[in-house]
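Q: Required output: the full structure, derived from the provided sequences and hints.
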Amino acid sequence: MQVNRRQFFKLSAASLGGSTLTALGFSPKEALAEVRTFKLTRTTETRNTCPYCSVACGIILYGLGDRAKNALSEIIHIEGDPDHPVSRGSLCPKGAGLLDFVHSKTRITFPEYRAPGSKAWTRVTWEWALDRIAKLMKADRDQQFITQNDKGQTVNRWTSVGFLAASASSNEAGYITHKVLRSFGLVTLDNQARV
Amino acid sequence: MTNTWMDIKNANVILVMGGNAAEAHPVGFKWVVEAKAHNKAKLIVVDPRFNRTASVADVYAPIRAGTDIAFLNGVIRYLLEKDAIQHEYVKAYTNASFIVRDDFKFEDGLFSGYDEKTRTYDKSTWQYEINEMGYANVDETLQSPNCVLNLLKTHVDRYTVEVVSDITGTPKDVYLQICEMIASTATPTRTLTSLYALGWTQHSIGAQNIRTLAIIQLLLGNIGMPGGGVNALRGHSNIQGLTDLGLLSDQLPGYMNLAQDGEATRNAYLEKRTPKPLRPAQINYWYNYSKFHTSLLKAWYGKAATAENDFCFDWLPKVDQVYDGLRAFDRMDQGLMTGYVCQGFNPLASFPNKAKISSALSKLKFLVVMDPLTTETSEFWQNHGEFNEVKPEDIQTEVFRLPTTCFAEEEGSLVNSSRWLQWHWKGAEPPGECRTDIDIMSELFVKIRQLYQQEGGAFAEPILHLHWPYRVPEAPGPDEIAKEFNGYALADIPDPKEPGKLLAKKGQQLSSFAQLQDDGSTASGTWIFCGSWTEAGNQMARRDTSDPTGLGIAPNWAWAWPLNRRILYNRASCDPAGKPWDENRKLIEWDGSKWSGLDVPDFKADAAPESGIMPFIMTNEGVARLFALDKMAEGPFPEHYEPFETPLGTNPLHPNIISNPAARVFDGDKAMLGEHKEYPYVATTYRLTEHFHFWTKHSVINASLQPEQFVEIGETLAKELGIANGERVKVSSKRGHIISVAMVTKRIKALTVAGQTVHQVGIPIHWGFTGATKKGYIANTLTPFLGDANTQTPEFKAFLVKVEKV
Chain A
95 MQVNRRQFFK LSAASLGGST LTALGFSPKE ALAEVRTFKL TRTTETRNTC
145 PYCSVACGII LYGLGDRAKN ALSEIIHIEG DPDHPVSRGS LCPKGAGLLD
195 FVHSKTRITF PEYRAPGSKA WTRVTWEWAL DRIAKLMKAD RDQQFITQND
245 KGQTVNRWTS VGFLAASASS NEAGYITHKV LRSFGLVTLD NQARV
Chain B
4 MTNTWMDIKN ANVILVMGGN AAEAHPVGFK WVVEAKAHNK AKLIVVDPRF
54 NRTASVADVY APIRAGTDIA FLNGVIRYLL EKDAIQHEYV KAYTNASFIV
104 RDDFKFEDGL FSGYDEKTRT YDKSTWQYEI NEMGYANVDE TLQSPNCVLN
154 LLKTHVDRYT VEVVSDITGT PKDVYLQICE MIASTATPTR TLTSLYALGW
204 TQHSIGAQNI RTLAIIQLLL GNIGMPGGGV NALRGHSNIQ GLTDLGLLSD
254 QLPGYMNLAQ DGEATRNAYL EKRTPKPLRP AQINYWYNYS KFHTSLLKAW
304 YGKAATAEND FCFDWLPKVD QVYDGLRAFD RMDQGLMTGY VCQGFNPLAS
354 FPNKAKISSA LSKLKFLVVM DPLTTETSEF WQNHGEFNEV KPEDIQTEVF
404 RLPTTCFAEE EGSLVNSSRW LQWHWKGAEP PGECRTDIDI MSELFVKIRQ
454 LYQQEGGAFA EPILHLHWPY RVPEAPGPDE IAKEFNGYAL ADIPDPKEPG
504 KLLAKKGQQL SSFAQLQDDG STASGTWIFC GSWTEAGNQM ARRDTSDPTG
554 LGIAPNWAWA WPLNRRILYN RASCDPAGKP WDENRKLIEW DGSKWSGLDV
604 PDFKADAAPE SGIMPFIMTN EGVARLFALD KMAEGPFPEH YEPFETPLGT
654 NPLHPNIISN PAARVFDGDK AMLGEHKEYP YVATTYRLTE HFHFWTKHSV
704 INASLQPEQF VEIGETLAKE LGIANGERVK VSSKRGHIIS VAMVTKRIKA
754 LTVAGQTVHQ VGIPIHWGFT GATKKGYIAN TLTPFLGDAN TQTPEFKAFL
804 VKVEKV
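Listed in order, the protein sequences are those of chains A and B.
Just so it is clear: in the first sequence, position 34 is 128 by this note's numbering, and no numbers are missing.
Just so it is clear: in the second sequence, position 380 is 383 by this note's numbering, and no numbers are missing.
Please keep in mind that the hints were generated in silico from the structure rather than gathered at the bench.
All of these numbers come straight from a predicted model, not from anything done at the bench.
We put the CB at the ideal spot given by N, CA and C, even for glycine.
Honestly, I wouldn't trust all of these hints.
With beta-carbon atoms standing in for the labels, derived distance ranges [stated by the list, open to error]:
(1) A/129 to B/719: 53 to 61 angstroms
(2) A/219 to B/710: 31 to 39 angstroms
(3) B/125 to A/219: 55 to 63 angstroms
(4) B/482 to A/135: 25 to 33 angstroms
Computed far set for chain A versus chain B, every beta-carbon distance over 10 angstroms [claimed, not checked]:
(5) 132
(6) 133
(7) 134
(8) 136
(9) 160
(10) 162
(11) 270
A: In structure tokens:
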């Protein structure tokens, strides 16, 4: 804004008038007209990458809370990371909707179980679910594990339980998944590379 | 990608075929726009639909879905006929001059060695002539009729412009224009880049589509060059990483694989995978296989793996066949599977022939779904009316649904299409009781290990002794796992070049896979990721954007495998004497004593040009293969085979061999293939700008942008069938039907193929019966249950349907 000397005096007078009125307690209008605080100024920024396609655009997550132990964080905004050398701050219509994926109404938030023949889900605990899955897997592995093929060659494989691996989870998740599954001898394994 | 997203800007001609980058990879596509704006690049788009990539193309050619090899073989013929090839490159860096055995044949659509009963080839004739020294014979004059270049010439001779146009439906004039544009990059100072995605892979001849383009790029001298390469635009954010980590039936991390039945000892296994050089002086990098394999076994089995017990070689399973996804569901449908776990994967929607998938899942004893979202697969047993007509009471499968975190609630690395491992950080706690995949897999493992400790059971050793050194066994840290796949020294590693010096001290993180040993003194879970987390810290978290060459390299942003190399085969960007083919595209060069430059040389750093070592160090002949030897299932040269559901009912080139003779079709699925008389139109599935697979329909804003399922029909066909834009239609294949709104467009034109009119129908895939959109039919209700002969990727891009007004 360019301000000449005369305008400067005018502005000063106006603000002086404003503050005098405020001092006298006549200021409801000015208070209401105050500019709303920029909502991202009090957020914590976290660098991340878009989980959809393999361009892997850089994104910034804006979360409420300052990572203090008792402050619950919540992502309130996501936008492109201008520093990212490929995406340079851009997001496509898929990535621009990421906040709604994080807060999707159809996210699952607790373990569920559907019994044989049942028409409905039952809420269960992690402990119960993982115990039961572990027992089902072990029972089948003990019964179906193939130590030798029909030629008498050692093969040590388990074919009757299979696994489809995630293709948007991290390398660390993928690596530990692979390590665990091969220790079982599992060979019915695939990922999303094809579809 | 051999190259990178940013490197697209260096191209002179860009071919988008088998993909639709503007809609499926919009931000990556900005680099195409950059190339057009600042490098005067020309964009060619070849696609059944005039899509949004085509809308900004310099030339667009329509094509009948599934005929890309005919199109590209014709391009090869054109290049050879016009002599538009980079001679010096082809002669020095490819196997053009190699002599092939004289009993190698191609007749009537079949290569030598075919066995009709097993639908496989005996590939013994698909080999070079080997001399008494054990090396391949070459004819540097390129005169021998049996040298690769001349065999290739003969092979593509049938693909004249007329034949190509007749098979593909592409008009001759636009086809010739494209051939000419591609040929313009045969000079060393111009490059073509190719961007493809599922439009090439999802065919029964998918892998050969890509090989055909690779042959073109080699003839033009565009591999290893900035602005060149063969660039797969991968789909999911970490499908490159999952592939690198080997999460496939017969694979191990870093493109190693499991032993086959009968490979009884580790020595026998290693010998098969440690090839001998086929030409003098070649590096033949897989020579180091035993170092990578031993280091993997040390990472997995720790102290239990010793030289005396073959490093626990027998603890890894052996395979008699590949148990890929299609085979898994076929076996499931036969009642041969007990349980199945879907980790972030929605097979009911994303595998072919939904009816078969549903029937197969119903035969399981248990199904476990780990996902952040309510997938269709997790609710396959629920009745959703016309969209999922099942009776829950008849389905005896137990189903577990385990909630996982999403990207914003976890940290770790993902590999993008450019092979960059980029670290991301956690922004918030997950909602409710969601857990990370790492924690779920680890706790499940710890529970199963506990059961084996308490009760014993079948072959418990690998479970009981799996190396599990993590701070919290039920929740290993991403940092701990990343350090493990990078690798570390288990003893002091002496430097063989300088006695008394060490490459690494005991306990240190390794910085290169060149440090790996096969005596058990190093551990590395994924050798190609070695260097990603070194003593200097997490290289994947680096954020330096500087690009000193201006070529779009950014060498200190994140970390690229292998060894932070950004452009693969970059030795081939220099001539045999070590000088860049093009000074404006200088990545590396021979400086008189070593290879130096701003990318990491894809070569032995101190090997002088006179050493005779050739640039393609991962092959045992040191050069790239125009002739693929025995590496492909259906032949060493690409050949046009019709999709399994062909609108012609024949193959114009060889009527007796219509479709890929080596592709696997399960018995039960043969009967589920439709004939063109009943199902006359070619259908192809595709993706929209606003949606990502079956995820974004759970996101309110994306669901609002594209709320309702539709199919895309050309104006001529719509008129023929009396369908107006917006009316509802039923699209049926032999497998089932979907009902949706018809979008009548000018974007899909009828083609003239083999003298007849062929109509094509576009089927976007994004709908299902869960999420925030209107419910829709699963598009894969329609698709056939068969796949590519090499990769088993389903043929989603070319099948037959009929269309009726509802």
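Q: Looking back at the hints listed earlier, which ones does the structure fail to meet?
A: Structure breaks hint 11 only.
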